[in-house]
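Listed below, chain by chain, are the residues.
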Amino acid sequence: MDIRPTPEEAKAELTLAYILDQFKDCADFTHRSFPNNGASVVYLSYLVGNDELLREIVKPLSGANDEEAAALLECDPYSATQDATACLNGILDGSAAIFFRGRAWLVGIGRPIGRTIEQSETESVIAGPHDGFVEDLYENLAVLRKRIKSPKLKTVFLSVGEITRTTVALVYLEGIANREFLGKLIGRIEGAEIDGVFESNMFIQLIDDNPNSVFPQYMTTERPDSIASKILGGRIAALVDGSPSVFSCPTSFFDFFSSPDDYYQRWMLGTALRLLRIIGFIVTIGFTAFYVSVTTYHYEMIPHTMLLNLTESRSKVPFPPLIEALLMETTIELLREAGARLPTKIGQTIGIVGGIVIGQAAVQAGFTSNILIIAVATSAIASFVIPSYVMSASLRLIRFGLIIMAGVLGNLGLFMGIGLVVIQLAGITNLGASYLTPIAPVNFRDMLDTFIRGPFWALTKRPSITRTPNKIKNKMKK
Amino acid sequence: MREKLNWFHVAVLVYMIEFDVTAFSLARVTAENIGTNGWFALVLTSMAASINIFLYWAVYRIGKGQSFFQIMESFVPRGPLVPAYLGLAAFWVLLGSLIGKNFVIVSQMLSFQSTHPMYIFLLYCLLVYAMLVKDLYSIVKATTVFFLLSFWMNALVPYFLSDWKAVRLTPFLFQGSERAHSLQGWAEVFTAFVGYELCLFLFPHSDRKTKLFRGVLLGHLLISAAYVTTVFVTYGFFSFQQLKELQFPLINILEYLELPFLNRLENLVFMFFLFSNLVTTVMFCFASLSTLRHVFPRAKGKTLETVIVCLVFASGFLTKTVRESDEMLRALYFTEMAIAFGLPLLLIPMAYFANRKGRGIEA
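Chains as they are written, first to last, in the working numbering: chain A, 1 to 478; chain B, 1 to 363.
There may be inaccurate statements among the hints.
Heads up, simulated DSSO-like pairs for lysine-lysine below, C-alpha to C-alpha not over 30 Å straight-line [said to hold, decoys possible]:
{"no.": "1", "chain 1": "A", "residue 1": "K473", "chain 2": "B", "residue 2": "K209"}
{"no.": "2", "chain 1": "B", "residue 1": "K209", "chain 2": "A", "residue 2": "K471"}
{"no.": "3", "chain 1": "B", "residue 1": "K134", "chain 2": "A", "residue 2": "K184"}
{"no.": "4", "chain 1": "A", "residue 1": "K461", "chain 2": "B", "residue 2": "K209"}
{"no.": "5", "chain 1": "B", "residue 1": "K4", "chain 2": "A", "residue 2": "K461"}
{"no.": "6", "chain 1": "B", "residue 1": "K211", "chain 2": "A", "residue 2": "K471"}
{"no.": "7", "chain 1": "A", "residue 1": "K184", "chain 2": "B", "residue 2": "K302"}
{"no.": "8", "chain 1": "A", "residue 1": "K473", "chain 2": "A", "residue 2": "K146"}
{"no.": "9", "chain 1": "A", "residue 1": "K471", "chain 2": "B", "residue 2": "K4"}
{"no.": "10", "chain 1": "A", "residue 1": "K184", "chain 2": "B", "residue 2": "K4"}
{"no.": "11", "chain 1": "A", "residue 1": "K184", "chain 2": "B", "residue 2": "K209"}
{"no.": "12", "chain 1": "B", "residue 1": "K4", "chain 2": "A", "residue 2": "K473"}
{"no.": "13", "chain 1": "A", "residue 1": "K461", "chain 2": "B", "residue 2": "K211"}
{"no.": "14", "chain 1": "A", "residue 1": "K184", "chain 2": "B", "residue 2": "K300"}
Heads up, incomplete: computed chain B residues facing chain A, CB under 8 Å, no partners named [as the list claims (entries may be wrong)]:
{"no.": "15", "residue": "S111"}
{"no.": "16", "residue": "A130"}
{"no.": "17", "residue": "M131"}
{"no.": "18", "residue": "K134"}
{"no.": "19", "residue": "S138"}
{"no.": "20", "residue": "K141"}
{"no.": "21", "residue": "L262"}
{"no.": "22", "residue": "N263"}
{"no.": "23", "residue": "N267"}
{"no.": "24", "residue": "L278"}
None of these hints come from the bench; they were simulated from the model. The structure presented is a predicted model; accordingly, all values stated were derived computationally and were not measured. Even glycine gets a Cβ: it sits at the ideal position worked out from N, Cα and C.
For reference, chain A alone in the conformation it holds in the complex (with noise of 0.2 Å):
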């Protein structure tokens, strides 16, 4: 495990004195003598396991004299070092150290810690494996290893934040992943400049190509089957220790679009599904800022029939359609951040309270108009459709400002806005790959597994985004 250590511990000499200096005042620091042969032993008592610390601790040490104990540990699990640093990050781990006639030795005697691995509450899918990731890197890992039983899966250990030195596991094919990548990645990673990383989704923001986009630049998600298939694909897998989201790259807008139900139904429906979101992305970013331009600038563009009930509606709302628009999309926001926040039970209660309250009482008070409801329901609803929370949020703040674009200048408006975002779009790169892979760099085949889910017999490729040296997918009956 490559940790890198401080100038002062790089100096340091390993010794008996010197760990327990550099543990003290720590109360689940434990040090442990054994007087019938002059051994010590050391480890933070909260995260050693009792029955493995028992047997292969005390049960061996406490029977064995002085040549018994030099024998005893020549063998596994014990493996000796002189490293002050690997030592201290060892004990740091989960193992104890094992001090005698002035040598030091590890054992891992760690016992897991946190959840077993359970369903992603993020992302839920009908049919497929319902595992999920979990905070356990190692867990993870397991997990990986499970499902591609090849040696070619590669790791890579790393380790980020000066003072908590999170490590950071890359995972990929040997062969298949593009090594430019890699070393871009490892690169970033290695000069990423933090006091402490907690989770995925914040460390990502410290090696984006592009940190000032609202877009987020790097695929994550809860699920092992995305990433193996991700893995499978070409792309670079990262997985951070403490968090249940593994990151993927290099990724393309399209890729949040994506969900493994798409390849565990039949291609047409993956297809219908995929189309389904498309038009989600439309209507989420699009339907409310339509709404305030037709109501501002084009009446006309409504048909008469329909513009009856509309002018009804809104003769009783005092407010010019852009401000009624952006109360209720405020109102909608903090009704999704109060259930995100809530315990699922109360969770449900805001629901159903703030759907009478803007439904029923908002429209009868003259607040708003009743069309203006089912605009940003509908929004709210489209923007549940698209896979990964992270797009789906950002795509809600990018819809506040073609509302605002659309009060503005109407239509006209409204498209600037889009302009604004495709523009931004298309300065966005990943690792130096182009964010809107397959359109720009185009690339027709890719298409086939991007807005549509092609059937498996076409997908023969592996996504160009990745560059990889071994493009196609099944070789085997070729």
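We have chain A; now place chain B onto it with these hints.
Showing chain B alone in chain A's frame:
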């Protein structure tokens, strides 16, 4: 990693540069200047533009992919060229600006009668700035998306076929024009294709794999096909006399679009033209930027881009009405056409002699 263009992107770029405000009035312009079945004049002028593109191909081949500036400076010292560079840069800024302003005036006339056009133009300039500060590859990526947002409009053609009558085309060719056939009349039709000459500034961003001129020609042929189809449909949709009277036949024809849940769809469809005009303005500004960067290589940060966009905005004050804007734009288009034909005729011998001189030195 510096990305190189590929022919598809070049085609898209050329399509979008050539697709500008001239499209709105193209049917009238052909009817006024050429007469009945004026759509066929577009085929002929498009062929003339293709010959011009061939000349640029010759510049590329003979100059071995060297940039416009390298070829010029291999023959003439840099010093005397600087005023010419500055003149060209200013001209392209003005042309880009007036194309944008013309679009803004037309949209203001259609939907925002009470809004000051310069206020709309200011927002337009912000878009130009947002795009211009990006590198060419990002501009091309945005253009590709804008292309997709614009190209679908060609699929509207079948909608008008039910009201299209072949009899309106008349059996006569090039009869009944407002004025006698003249070079100016034909040149006015040719203005629709102005823009392909900017391929000169793509030389440094291309290599052998790009197949630059395949892209330029394809883009040009694509927009030619789109223009010919649109004007052909317009000729069979309106009578010849109507065509000569309508200021913007394309917008008029769009007014016939209707959906059960939306009326007056032209209010929406017209806005898609924003993207093609934006790309045209940005690419003329890009030509100007490339020239200014060559003249002022030490300019810091986004200074040149900011200066260009400020000039674009300031040039917007030159025109207030559609008539003023049309007249000024026509004069600028004629000048640009002269530049478009003149530049390769100047550069080909320069590149040829520079090559011979280079070979002589090597020998």
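Consistency of the hints with the structure:
1. Among the hinted pairs, K473 (chain A) with K209 (chain B) is consistent with the structure: their alpha-carbon atoms are about 26 Å apart, no more than 30 Å.
2. This hinted pair checks out: K209 (chain B) and K471 (chain A) have alpha carbons roughly 20 Å apart, not beyond 30 Å.
3. Of the pairs offered as hints, the one joining K134 (chain B) and K184 (chain A) holds, with about 22 Å between alpha carbons and a cut-off of 30 Å not exceeded.
4. With a C-alpha separation of about 22 Å, the suggested pair K461 (chain A) and K209 (chain B) falls inside the 30 Å cut-off, and the hint holds.
5. Taking the CA atoms of K4 (chain B) and K461 (chain A), the gap is about 23 Å. The hint holds against a cut of 30 Å.
6. Of the supplied pair hints, the one linking K211 (chain B) and K471 (chain A) holds, its CA atoms being roughly 24 Å apart against a limit of 30 Å.
7. With a CA separation close to 27 Å, the supplied pair K184 (chain A) and K302 (chain B) stays within the 30 Å bound.
8. Restraint check for K473 (chain A) and K146 (chain A): satisfied, since their Cα atoms lie roughly 20 Å apart, inside the 30 Å limit.
9. Under the criterion of a C-alpha separation no larger than 30 Å, the hint pairing K471 (chain A) with K4 (chain B) is consistent with the structure, at around 21 Å.
10. Taken as a hint, the K184 (chain A) and K4 (chain B) pair is honoured in the structure, with Cα atoms around 20 Å apart against an allowance of 30 Å.
11. A hinted pair counts as satisfied when its Cα atoms are at most 30 Å apart, and K184 (chain A) with K209 (chain B) qualifies at roughly 26 Å.
12. For the hint pairing K4 (chain B) with K473 (chain A), the CA-to-CA distance comes to about 27 Å; that is within 30 Å, so the pair holds.
13. With a CA separation close to 25 Å, the supplied pair K461 (chain A) and K211 (chain B) stays within the 30 Å bound.
14. Annotation: proposed proximity of K184 (chain A) to K300 (chain B) holds, straight-line Cα distance about 28 Å (limit 30 Å).
15. The criterion of a C-beta within 8 Å of any C-beta in chain A is met by S111 (chain B), whose closest approach is roughly 6 Å, and the hint holds.
16. This hint holds: A130 (chain B) has a C-beta 5 Å from the nearest C-beta of chain A, less than the 8 Å allowed.
17. Given the 8 Å rule on beta carbons, the hint for M131 (chain B) holds: about 5 Å separates it from the nearest Cβ of chain A.
18. Given hint, K134 (chain B) at the interface with chain A, holds; its Cβ is 5 Å from that chain's nearest Cβ, closer than 8 Å.
19. A hinted interface residue such as S138 (chain B) counts as satisfied when its beta carbon comes closer than 8 Å to some beta carbon of chain A; here the least separation is about 5 Å, so the hint holds.
20. At about 4 Å, the closest approach between the beta carbon of K141 (chain B) and any beta carbon in chain A falls short of 8 Å, and the interface hint on this residue holds.
21. Proximity of L262 (chain B) to chain A holds as hinted, the smallest CB-CB distance being about 5 Å (cut-off 8 Å).
22. Interface restraint check for N263 (chain B): the shortest CB-CB distance to chain A comes to about 5 Å, inside 8 Å, so the restraint holds.
23. With 8 Å as the threshold, the beta carbon of N267 (chain B) comes within range of chain A, its nearest partner Cβ sitting at about 5 Å, so the hint holds.
24. Annotation: L278 (chain B) was flagged as interfacial toward chain A, and the flag holds, the nearest CB pair being 6 Å apart, inside 8 Å.
Violated hints: none; the structure is consistent with every hint.
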